[in-house]
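If you're matching them up, the sequences are chains A and B in order.
Residues in the first sequence are numbered from 1 upward in steps of one, following the working numbering.
Residues in the second sequence are numbered from 1001 upward in steps of one, following the working numbering.
If you're looking for bench data, these hints aren't it; they were derived computationally from the structure.
Accuracy of the hints is not assured; some may be wrong.
For each label pair, taking beta carbons as the anchor points, the in silico distance ranges come out as [unchecked claim]:
#1 B:1411 to A:19: 50 to 58 angstroms
#2 A:17 to B:1364: 47 to 55 angstroms
#3 A:82 to B:1479: 14 to 22 angstroms
#4 A:79 to B:1398: 16 to 24 angstroms
#5 A:180 to B:1411: 23 to 31 angstroms
#6 B:1338 to A:3: 32 to 40 angstroms
#7 A:125 to B:1305: 25 to 33 angstroms
#8 A:41 to B:1411: 44 to 52 angstroms
#9 B:1398 to A:41: 32 to 40 angstroms
#10 B:1305 to A:14: 55 to 63 angstroms
#11 B:1398 to A:236: 54 to 62 angstroms
#12 A:233 to B:1398: 29 to 37 angstroms
#13 A:79 to B:1294: 55 to 63 angstroms
Computed list of chain A residues with no C-beta within reach of chain B, every gap over 10 angstroms [stated by the list, open to error]:
#14 27
#15 83
#16 119
#17 164
#18 185
#19 208
Virtual Cβ for every residue (Gly too), placed ideally from N, Cα, C.
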Amino acid sequence: MNTPLLSVSGLHKSFGDTPILKGVSLDVEKGDLVSIIGPSGCGKSTLLRCMNFLEIPDAGRISIAGVTIDCLGLEDAPPKDLDAKAHKLRQHVGMVFQQFNLFPHMTILENIALAPHVSRNVPEKDARANGLQLLEKVGLGAFADRYPVQMSGGQQQRAAIARALAVNPSVMLYDEPTSALDPELVAEVLAVMKQLDAEGMTQIVVTHEMRFARDASDYIVFMEAGNIVEISDEDEIFENPKDERTRRFLGRFQ
Amino acid sequence: MSKSSMQRILLLLVAAFVASHAVLRAEEKILRWAADPDSNAPYGFYKANDQLAGFEFDIIQALAKQMGRKPVFVQNDWDGLIPGLGSDLYDCVICGIEITPAKASEVLFSDPYYVTFEQFVNRKGEPPISSLAQLSGKEIGTLSQTAAQTMLENTPGVIVKSYAEEVNAYQDVANGRIFGVLLDYPIAKYYAAPNPHLQFSGPAFGQIIYGIALKKENTSLQQEINRALAAIIASGEMRDILSRWGLWTPTVAGAFGQPEAPSLPDIEYQSFLAAHAESPNLVARMRRYLGFWPVLLQGSLMTLQVSIVGMLLAIGIGFTLAIMRVFGPWPLRWVATLYIEIIRGTPLLIQLLILFYGLPNIGIKLSPLLAGILGLGLNYAAYEAENYRAGLMAIPRGQMEAARALGLTHSQGLRFVIIPQSFRLVLPPVTNDFISLLKDSSLVSAVTLLDLTGAYNRIATQTFDYFGTGLLIAAIYLIIGLPFVRLARWTELRLTVDSRRTTLRPGLLSLPKFGRTHGK
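Modelling step: build the complete structure from the supplied sequences, incorporating the hints.
What follows is the structure in structure tokens.
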């Protein structure tokens, strides 16, 4: 077996006195598309946000594309050290948010070209050329000069995916990418993700889209109350869940 | 020693004396003198042509000439005259200051340059008074920090109202707001006697002696002034000056031991009366206002200058404070919060007075312009900081998260993502603040700047036309502010619309493009 591209082990995270992650471990192989499902408050979004240090874990180890960070005591570390570590990790991670979080004062192309230019020192001309290619890829070639507000939610989320891809991440993280979308716009976003999967991108998706999870995922992670309860083949988890809690959760969708 | 060598030495000595004298002459000595010439006839005041005049002005010119110094005038508000002396803003003050034991403990006085008495004035038709005791229970006006004020305060039952300008006090008698005014005879002669609604009432009260005030330690200048004073009294020059101003009274003649009759006709008094006769009609009044255009222009430019530079300062400091408060570590946050709370919790006028009159006590002397700009800038910085803080806080958290997730540093996130968005949010409130600042800038007249409000004081107290001048100055403020009001409305229309929800005009939003500002 290959070494996993992304490996999380023993991850703990509390908000105040409330434990959110209680020692989560997960390995993801290169090219996998993994869906994380579970009831609200189970810690799935927090797990995802820990993977690029938007939340700083209390303890545990994160390893992505060869960058390994031991998280114990990191929150009390000098902000500079922390920033340096987080920055290293983020070089390999692209993130897509539920609310898109596009920068409203920039055009779509500017949104995409900003990070490569500013943080990777790619010349602006190249950053824009590469950005245009990415926009073509997500089907938004004609929208380069639009502002986010002039586009539908689905288009904005596709642009956000292009923006995350622009820094050449090894892993793409999606935090409920279709939850803020009107139902008829969900498909176009999921199509982009399927296309990326076909191209071999490693993707981790926190989602409520059970159909997408089932159709597209290589496997599904079920979380509850800060723990991973079941990791299973997508068909098996839906047809024959092993864990009682998984059964109860999925029962609501059938 | 031979006779010829003696002669040679004498010649050398003479040459050296002449040379040293020539050096002294070359570096001409000056006499910095201060007064409050706003409505201060006949002491010192601005004539309609904006020339400084007055019997004190003439006396100080004569004295300076006698002393071989060049007189340099420094304008200050009445209440600030003595403090300014302590702050070394000027060498001496000549402004109708009475020599009293209380004042003599604060400053050094020259010998008297004028001796007079207090004159009571009330409304025409009221029965005359014979003693101050009769004023018990009545509201009587006077100027603050004067001997007349002390006299009134020592009379039981009198309700004393202190004014900053004598014209206002007499105006209130004429309007029936107060019963009468007790003030020095020269003031009454110039401001009350010509008014048909007012009358002199009662005998001469007390004895008033004016002296030139100096800094407590400055005894050498005191002696120099006293010598010059004695010289111009003895030569009759003093009598000439006071006669021309119609102020050569038996009281002053007796004090100086000179003949009672004036030596010259009272031409200055007559020209004052002629200049201040009420304008018969609107056109004449308008023409009179137009005559003040240099003061109005100067005042408007000063108001604009102080406001614009003050605002730029406020924006710079305010922005720094906001960043400190929102993103700084706790000591910076604490400092910024403290600054904002203190500045917002204290009046701007007091801040200005501290800057201008207080700081010289610890060795920091600011020019009036610098004090005015700093006062406004430092004050508005606190309000700007809160504006910007609100602007920064209004940007959703997800924006910074997205920037960080993309690999931008915190400061890059601020620079490229957060600040450009907040800029749009705060532009309308900042424009509105500038309009407020423009109006608050009227307070800088308290630190002797001749801004529009200073121009108002000067014109109103020369024309006695408070209503017309007030309207005129208000109109100028309005006109100056109008473009900014329009600008505020424009920015509000274009930029406050929530750019995430409504259509927007992309051209307007292409402010700082990252490509152009990037560079290390």
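Against the structure, the hints:
| no. | hint | in the structure |
| --- | --- | --- |
| 1 | B:1411 to A:19: 50 to 58 angstroms | 33 angstroms, violated |
| 2 | A:17 to B:1364: 47 to 55 angstroms | 53 angstroms, holds |
| 3 | A:82 to B:1479: 14 to 22 angstroms | 56 angstroms, violated |
| 4 | A:79 to B:1398: 16 to 24 angstroms | 21 angstroms, holds |
| 5 | A:180 to B:1411: 23 to 31 angstroms | 29 angstroms, holds |
| 6 | B:1338 to A:3: 32 to 40 angstroms | 54 angstroms, violated |
| 7 | A:125 to B:1305: 25 to 33 angstroms | 44 angstroms, violated |
| 8 | A:41 to B:1411: 44 to 52 angstroms | 34 angstroms, violated |
| 9 | B:1398 to A:41: 32 to 40 angstroms | 20 angstroms, violated |
| 10 | B:1305 to A:14: 55 to 63 angstroms | 58 angstroms, holds |
| 11 | B:1398 to A:236: 54 to 62 angstroms | 36 angstroms, violated |
| 12 | A:233 to B:1398: 29 to 37 angstroms | 34 angstroms, holds |
| 13 | A:79 to B:1294: 55 to 63 angstroms | 59 angstroms, holds |
| 14 | 27 | 22 angstroms, holds |
| 15 | 83 | 7 angstroms, violated |
| 16 | 119 | 4 angstroms, violated |
| 17 | 164 | 7 angstroms, violated |
| 18 | 185 | 17 angstroms, holds |
| 19 | 208 | 19 angstroms, holds |
Going down the numbered hints, you'll see the structure goes against 1, 3, 6, 7, 8, 9, 11, 15, 16, 17, while the others check out.
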